[in-house]
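Just so we're aligned, residue 1 is where the sequence shown starts under this note's numbering, counting upward by one.
Since the hints were derived computationally from the structure, they do not count as laboratory data. We treat Cβ as the ideally placed atom computed from N, Cα and C, and that holds for glycine. Nothing false has been slipped in among the hints.
Taking lysine-lysine and the DSS-like style, the derived pairs with C-alpha atoms no more than 25 Å apart in a straight line are:
{"hint": "1", "residue 1": "K199", "residue 2": "K177"}
{"hint": "2", "residue 1": "K8", "residue 2": "K55"}
{"hint": "3", "residue 1": "K138", "residue 2": "K215"}
{"hint": "4", "residue 1": "K197", "residue 2": "K156"}
{"hint": "5", "residue 1": "K47", "residue 2": "K18"}
{"hint": "6", "residue 1": "K55", "residue 2": "K26"}
{"hint": "7", "residue 1": "K7", "residue 2": "K26"}
{"hint": "8", "residue 1": "K55", "residue 2": "K7"}
Derived Cβ-Cβ restraints for the label pairs, each shown as a range:
{"hint": "9", "residue 1": "G142", "residue 2": "E115", "range": "23 to 29 Å"}
{"hint": "10", "residue 1": "I106", "residue 2": "R141", "range": "16 to 22 Å"}
{"hint": "11", "residue 1": "G142", "residue 2": "N179", "range": "34 to 40 Å"}
{"hint": "12", "residue 1": "K7", "residue 2": "V86", "range": "31 to 37 Å"}
{"hint": "13", "residue 1": "R114", "residue 2": "N187", "range": "30 to 36 Å"}
{"hint": "14", "residue 1": "L205", "residue 2": "S63", "range": "55 to 61 Å"}
{"hint": "15", "residue 1": "E115", "residue 2": "K177", "range": "27 to 33 Å"}
{"hint": "16", "residue 1": "G158", "residue 2": "P121", "range": "24 to 30 Å"}
{"hint": "17", "residue 1": "S151", "residue 2": "S63", "range": "45 to 51 Å"}
{"hint": "18", "residue 1": "D166", "residue 2": "V86", "range": "31 to 37 Å"}
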Amino acid sequence: MESTIIKKLGKRVRKLRKAKGLSSDKLAELIGREGSFIRRLETGRMKNIPEDIEKIAQALGVSIAELLTTPEEKKEIELEFRTDLVTILVINGVPASGFEGGDTEIIDYLPTPREMLRGLPQERVAWVKVVGDSMEPKVSRGDLVLVADGSWVEVKNGDLVIAVMDGEKTLKRFYDKGNYILLVPENESYEPLMIPKDKLKETSLYLYKVLGILKRMQ
Numbered sequence: 001m002e003s004t005i006i007k008k009l010g011k012r013v014r015k016l017r018k019a020k021g022l023s024s025d026k027l028a029e030l031i032g033r034e035g036s037f038i039r040r041l042e043t044g045r046m047k048n049i050p051e052d053i054e055k056i057a058q059a060l061g062v063s064i065a066e067l068l069t070t071p072e073e074k075k076e077i078e079l080e081f082r083t084d085l086v087t088i089l090v091i092n093g094v095p096a097s098g099f100e101g102g103d104t105e106i107i108d109y110l111p112t113p114r115e116m117l118r119g120l121p122q123e124r125v126a127w128v129k130v131v132g133d134s135m136e137p138k139v140s141r142g143d144l145v146l147v148a149d150g151s152w153v154e155v156k157n158g159d160l161v162i163a164v165m166d167g168e169k170t171l172k173r174f175y176d177k178g179n180y181i182l183l184v185p186e187n188e189s190y191e192p193l194m195i196p197k198d199k200l201k202e203t204s205l206y207l208y209k210v211l212g213i214l215k216r217m218q
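Model the full structure from these sequences, guided by the hints.
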């Protein structure tokens, strides 16, 4: 484990040294060492972390923590210990009738502000990649929508939902019109879907409520 740390330290020292335009001999001079000391450090040929690490950090203009940790690693550590974030699955399409026991293809994981879950357990929500354009321009193909299992949330008129009916999935705005359900697209190229409630006795309709939208970077 320590040899791995020393190798990473050496690579980090070399990168920072070159970024400051210092030769290995010049860096060694700044810390009162020979050039061979820096070269051995940068090539991972030391057995232990050198006692001069504080001097090296000062010479390179960074803290010891910055010397031992890359920005990417620091970000990962910060995410791991942030209590305001939870890791949520990114899935390629929702199950037919809820997350519990449903088949889903996990394509990624996304740190998500806890407040976006609105108090729901994290296993009852997921990010879903949008594949259609029925809600353009509000939601575009490739965007991610954070959805909640419909059995755990109240779906109100005007809510954005993913509706699953007989295996078909669509992103629409939901309206309960009394005798029928109306699913309205934002894209004028698509017609609204009207589902008579008496038809629901013969078919299945499952709703996932959209809690948030993450726009795809252009």
